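> These are the residues of each chain, in order.
Protein chains: 2
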Amino acid sequence: MENKLKDKHQPILDSAIRALHARTFFTHYPENPTPEIYGENADKEGRDKYKQHLNSQFKELLQQDSEAWVGQEESPYEQQALGVKYPFFSPDTLVARAGEAFHEWRRVKPADRAAILAESLERIRSRFFEIAYATMHTTGQAYLMSFQASGPHAADRALEAIAAGLEEQTRFPEATQWEKPMGKYNLKLNKSWKAVPKGVALVIGCATFPTWNTVPGMYASLVTGNPVIIKPHPKAVLPIAIVVAEVQKVLQENGLNPNICQLAVDADDHLITKDLAENPKVKLIDYTGGTEFGNYVESLPGKTVFTEKTGVNSIILDSVDDLDKVAQNLAFSVSLYSGQMCTAPQNFFVPEGGIKAGGETVPYEEVVQKLAGAVTGLVNNPKAGPHILGAIQNPATTARVKDAASIKGKELLGASDFSNPMFANARTCTPVMYEVDVSETENYSRELFGPIALVIKTKDTDQSIEIAKDMALRYGAISCGAYTTDPEVKEKIMDEMSLAGTPVSFNLTGGIYVNQNAGFSDFHVTGGNPAGNASFTNPEFVIKRFTWVGFREPVAG
Amino acid sequence: MENKLKDKHQPILDSAIRALHARTFFTHYPENPTPEIYGENADKEGRDKYKQHLNSQFKELLQQDSEAWVGQEESPYEQQALGVKYPFFSPDTLVARAGEAFHEWRRVKPADRAAILAESLERIRSRFFEIAYATMHTTGQAYLMSFQASGPHAADRALEAIAAGLEEQTRFPEATQWEKPMGKYNLKLNKSWKAVPKGVALVIGCATFPTWNTVPGMYASLVTGNPVIIKPHPKAVLPIAIVVAEVQKVLQENGLNPNICQLAVDADDHLITKDLAENPKVKLIDYTGGTEFGNYVESLPGKTVFTEKTGVNSIILDSVDDLDKVAQNLAFSVSLYSGQMCTAPQNFFVPEGGIKAGGETVPYEEVVQKLAGAVTGLVNNPKAGPHILGAIQNPATTARVKDAASIKGKELLGASDFSNPMFANARTCTPVMYEVDVSETENYSRELFGPIALVIKTKDTDQSIEIAKDMALRYGAISCGAYTTDPEVKEKIMDEMSLAGTPVSFNLTGGIYVNQNAGFSDFHVTGGNPAGNASFTNPEFVIKRFTWVGFREPVAG
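Line by line, the protein sequences give chains P and Y.
Start counting at 1 in the first sequence, then tack on 232, and there's your number in our numbering.
Start counting at 1 in the second sequence, then tack on 232, and there's your number in our numbering.
Accuracy of the hints is not assured; some may be wrong.
Keeping only pairs whose Cα atoms sit at most 20 Å apart, straight-line, the calculated EDC-like set for lysine to aspartate or glutamate is [as the list claims (entries may be wrong)]:
| id | chain 1 | residue 1 | chain 2 | residue 2 |
| --- | --- | --- | --- | --- |
| 1 | P | K426 | Y | E728 |
| 2 | P | K416 | Y | E263 |
| 3 | Y | K426 | P | E723 |
| 4 | Y | K722 | P | E785 |
| 5 | P | K724 | Y | E785 |
| 6 | Y | K513 | P | E698 |
| 7 | P | K722 | Y | E785 |
| 8 | P | K535 | Y | D702 |
| 9 | Y | K689 | Y | E598 |
| 10 | P | K515 | Y | D702 |
| 11 | Y | K426 | P | D727 |
| 12 | Y | K420 | P | E263 |
| 13 | Y | K515 | P | E530 |
| 14 | Y | K412 | P | D754 |
| 15 | Y | K426 | P | E728 |
| 16 | Y | K724 | P | E332 |
| 17 | Y | K426 | P | D754 |
| 18 | P | K513 | Y | D727 |
| 19 | Y | K420 | P | D754 |
| 20 | Y | K535 | P | E530 |
| 21 | Y | K467 | Y | E306 |
| 22 | P | K341 | Y | D727 |
| 23 | Y | K276 | Y | E263 |
| 24 | P | K420 | Y | D553 |
| 25 | P | K724 | Y | E336 |
| 26 | P | K416 | Y | E268 |
| 27 | P | K588 | Y | E785 |
| 28 | Y | K341 | P | D727 |
| 29 | P | K513 | Y | E698 |
| 30 | P | K412 | Y | E263 |
| 31 | P | K515 | Y | E530 |
If you're looking for bench data, these hints aren't it; they were derived computationally from the structure.
Source: prediction; values computed, not measured.
Start from the sequences and build out the full structure, keeping to the hints where you can.
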């Protein structure tokens, strides 16, 4: 069975490894939810299956003897409980079961593990639409993003982690004969090496990207032989529960203990993350979420930790070809999923003397008006707005947007609700924009998660760069957008932002946005600033999950 | 100049990268100090040059404006001060100069950095004998080990680090065109990536292997673009001072700031390591030495740290072909440099029922007698003893050996001095051996640095394995030797010790010892237990020294 799986998946794993090295465009899971690709009834069937989960017990998991049934998800589109109940297990039970499963999983060869995991992605592919609706109604993402981010893009990132892990574990020979000339004779040793997994792994998910941000760490730990406990955010369980169920089924079909990959759901009256994270048997932790809890996870002794926390992302405006196109592109980036992306831009640095646009100087005020105008135009476009903005995952985000009015600065765009034609009760909020003084650092030196954009008037582009770099070094950054037609300024931005470990997208207009990161090509988070210590898929992301141990013995005779 | 250097060193760097992957035998620097290889007068010239350093100022460094001249080395062979004085610089000055040099060095391309560093090794090669005498008279190593460990073996490990760093930094393309089919058109982005060095690096050396344990971290940080401050142990400066001076000369010849690689010597009245380590501009630290200080270094926030601390190394005796040969091999391992190696064995586990030897059962007492007898025979052999044992680096080690008499157990070999025919005043000590009860865990659960061997009588081999694994997991281990002719026992030892992150050498007899690790083949320290978090040269050892940062921009037109 395993050999059949290996034969089936070897070609795609080989292609994925080559793609990781070339960093050119590569995808295995088509991102367009069209009937031609996914089947005539795939969308309807997915929606129906999603609806069947509502107000029911999720019984697909192969974890035995649950202690209770729990669940606290609610739809940001309907503002009512989903009613899905998941089996609850105490942290001690979860860790003990993972510890047992460890000894089974670590003995499976890396290539077999990779094949089993690649097979699980194929099974998950058949549930992309169901996962998409589950994602919509937990995160508030619009339909298309829900499909792409939780389905094909997540599966591509998982495949990327499998490929990287397989490559690193097979990079050195399993065994070799070492022969040292000693003058009169040759000293001969048989040597062999094992990539020894570190132990029980924990993946702590977030509420906004429940599969995309979970599967890289999950598959990276699994392919390197570590059993994984998936602890989703209590408000976004269903999308990743489906993923875990499919992994468990493939494990069982291959004669393996399904507890190699377990789902850990918080109790209704208490959270279990700290109990899991602090358990001495938990050796690896992947975490996506806020900075405060992320710093706590990073500080735990004796763990190998991978974090994606928060950052303050900047846009540096210096000079452009076509300001209208730039404003439209940035308006989209601010509005996409209502700014609830770790890559969404927040601070817009505009020089007080304005910017060059197609050779002409556009005054500062006009630049700001164009930006604000483009956001308003997008929000008010009924064909575009709701499909870009989606809904607000957490009521705290809506409150933060409304609170933004207390920022010391000039309101350029105020908060307002807008109605979603499909969901009358959706929790929505249009993006707000404030102009803040460059001297009021505290206004713009923290992440304001949600659709909140700040325009900061600087002395000149040099000051814009200096502050953007300083923010990234001190508070972290996951993306940076820069607009300049001057090669020297571009070089300076690349150099300064590289020292702050921040990737830069230059002069984006049209259908590509600073928020988007492509699997197999863009490293996601660099690990080089306080926004996180991990990077998908820098080889470090998989190498740190296992230990090379060598054995040697004289050749007999 | 740099292109000439690149052309000169590219072939050997390519070979080194291939060797690292194959893990077969490879060396670039011959380990035998013979006139045929190194020249007729190389040894004499090296000794003369070493003598010229005594009672003099070391003026080869290109670091300007020293604040004082300091030095506190003394020869374990002569028990008197070397009188070498080194320029002193305050930690703030050192870090500030490294910070300036950083911006020059990070702009040099990885391949050029690798060529410059490879050239520095060639220069160091011409001083192997001088370094050997400097090593003898700081560490107490015997002549041959001083030459091999501080000269060719260290240079090979440095070359290994250069090769690994070069490969990792050139593993992904510098730039590529990314083209995504969008249906009606293709989205095209120019992408490029930079391997961005982390910043100022610090390497903290130890007193016993002043170059071998320093150059891997030093060259790994340098090849990845980080300026390095080398802080040797105050009792073992000269060997690495010569290395640093040669690196500085090659940097200056290539128009670069010699402060890219600085020597930091402790003041005579205070140590400067903590001031350097805690400086927020220091981002990378390599450390070799005791566990307590190593744990402090690992706990420093905001640093990437690589440690090699201490461990409790075990020998598991189960069954052998020829017990005499085994005893001779182990006696050598215990005696080599008087047990002052991080890989030296300490705990010998022997089953109470004895062991099988060539099919016959040898009783426990006889096994122990053979081990003790082999050590005595080696020590009392005037042609071998002094050349294997060398001298004791630190008086505290002699005191520890004498203190071992207070161990609750039976003395098998007591402490005694022996005379070195060449150095009448040498600080020497023969190995001691004690039999301790398996229940007296505290006797054998800490590293007793120096020539101290403990024999622990176990119920059976299963208990031997269990305790050896437990010691490694709890207190760390860098090596393990095991003797068994039973394939099942061997498999069990491999499996259990691999879970403790400990490499195992099986059935060594003849001219290969558990203490020895080969560059390009054996990972040194695994990072998988408390003995240290680093491994030479697991790719992780170089990858963590830089950050991948990407840039992208739409293709014009």
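> Please go over all the hints and tell whether each is borne out by the structure.
How the hints compare with the structure:
1. For the given pair, K426/P sits about 12 Å from E728/Y by alpha-carbon distance, which is consistent with the 20 Å threshold.
2. Proximity of K416/P to E263/Y is assessed by CA-CA distance (about 15 Å); at most 20 Å being required, the pair is judged to hold.
3. Between K426/Y and E723/P the alpha-carbon distance is near 12 Å, which keeps this suggested pair within the 20 Å criterion.
4. About 11 Å separates the Cα atoms of K722/Y and E785/P, which keeps this hinted pair within 20 Å; it holds.
5. Taking the CA atoms of K724/P and E785/Y, the gap is near 15 Å; set against the 20 Å cutoff, the hint holds.
6. Using a Cα cut-off of 20 Å, the hinted pair K513/Y and E698/P holds, with the two alpha carbons roughly 18 Å apart.
7. Annotation: proposed proximity of K722/P to E785/Y holds, straight-line Cα distance about 11 Å (limit 20 Å).
8. Distance restraint check for K535/P and D702/Y: the Cα-Cα separation of roughly 19 Å lies within the 20 Å cut-off, and the hinted pair is therefore satisfied.
9. Taking the CA atoms of K689/Y and E598/Y, the gap is near 13 Å; set against the 20 Å cutoff, the hint holds.
10. Proximity of K515/P to D702/Y is assessed by CA-CA distance (about 17 Å); at most 20 Å being required, the pair is judged to hold.
11. With a CA separation close to 9 Å, the supplied pair K426/Y and D727/P stays within the 20 Å bound.
12. Proximity of K420/Y to E263/P is assessed by CA-CA distance (about 17 Å); at most 20 Å being required, the pair is judged to hold.
13. Straight-line distance between C-alpha atoms of K515/Y and E530/P comes to about 17 Å, which keeps the hinted pair within the 20 Å bound.
14. With a C-alpha separation of about 13 Å, the suggested pair K412/Y and D754/P falls inside the 20 Å cut-off, and the hint holds.
15. Restraint check for K426/Y and E728/P: the C-alpha separation of about 12 Å stays at or below 20 Å, so the hint holds.
16. In summary, the hint linking K724/Y to E332/P is supported, as the alpha carbons are separated by about 18 Å, within the 20 Å threshold.
17. Distance check on the hinted pair: K426/Y and D754/P sit about 12 Å apart at the alpha-carbon level, within 20 Å; holds.
18. A distance of roughly 18 Å separates the Cα atoms of K513/P and D727/Y; the hinted pair therefore holds under the 20 Å criterion.
19. Proposed proximity of K420/Y and D754/P is supported: the alpha carbons are some 14 Å apart, at most 20 Å.
20. The suggested pairing of K535/Y with E530/P holds, with an alpha-carbon distance near 12 Å, which does not exceed 20 Å.
21. For the hint linking K467/Y to E306/Y, the alpha-carbon distance of about 7 Å falls within 20 Å, and the restraint holds.
22. Between K341/P and D727/Y, the direct Cα distance comes to roughly 14 Å. Compliance with the 20 Å bound is thereby established for this hinted pair.
23. A hinted pair counts as satisfied when its Cα atoms are at most 20 Å apart, and K276/Y with E263/Y qualifies at roughly 17 Å.
24. Restraint check: the Cα-Cα separation between K420/P and D553/Y comes to about 18 Å, which is no more than 20 Å; the hinted pair holds.
25. At most 20 Å may separate the alpha-carbon atoms for a hinted pair to count; K724/P and E336/Y meet this at roughly 15 Å.
26. Using a Cα cut-off of 20 Å, the hinted pair K416/P and E268/Y holds, with the two alpha carbons roughly 16 Å apart.
27. Taking the CA atoms of K588/P and E785/Y, the gap is about 19 Å. The hint holds against a cut of 20 Å.
28. Between K341/Y and D727/P, the direct Cα distance comes to roughly 14 Å. Compliance with the 20 Å bound is thereby established for this hinted pair.
29. Taking the CA atoms of K513/P and E698/Y, the gap is near 18 Å; set against the 20 Å cutoff, the hint holds.
30. About 12 Å separates the Cα atoms of K412/P and E263/Y, which keeps this hinted pair within 20 Å; it holds.
31. This hinted pair checks out: K515/P and E530/Y have alpha carbons roughly 17 Å apart, not beyond 20 Å.
The structure is consistent with each of the numbered hints, conforming to all of them.
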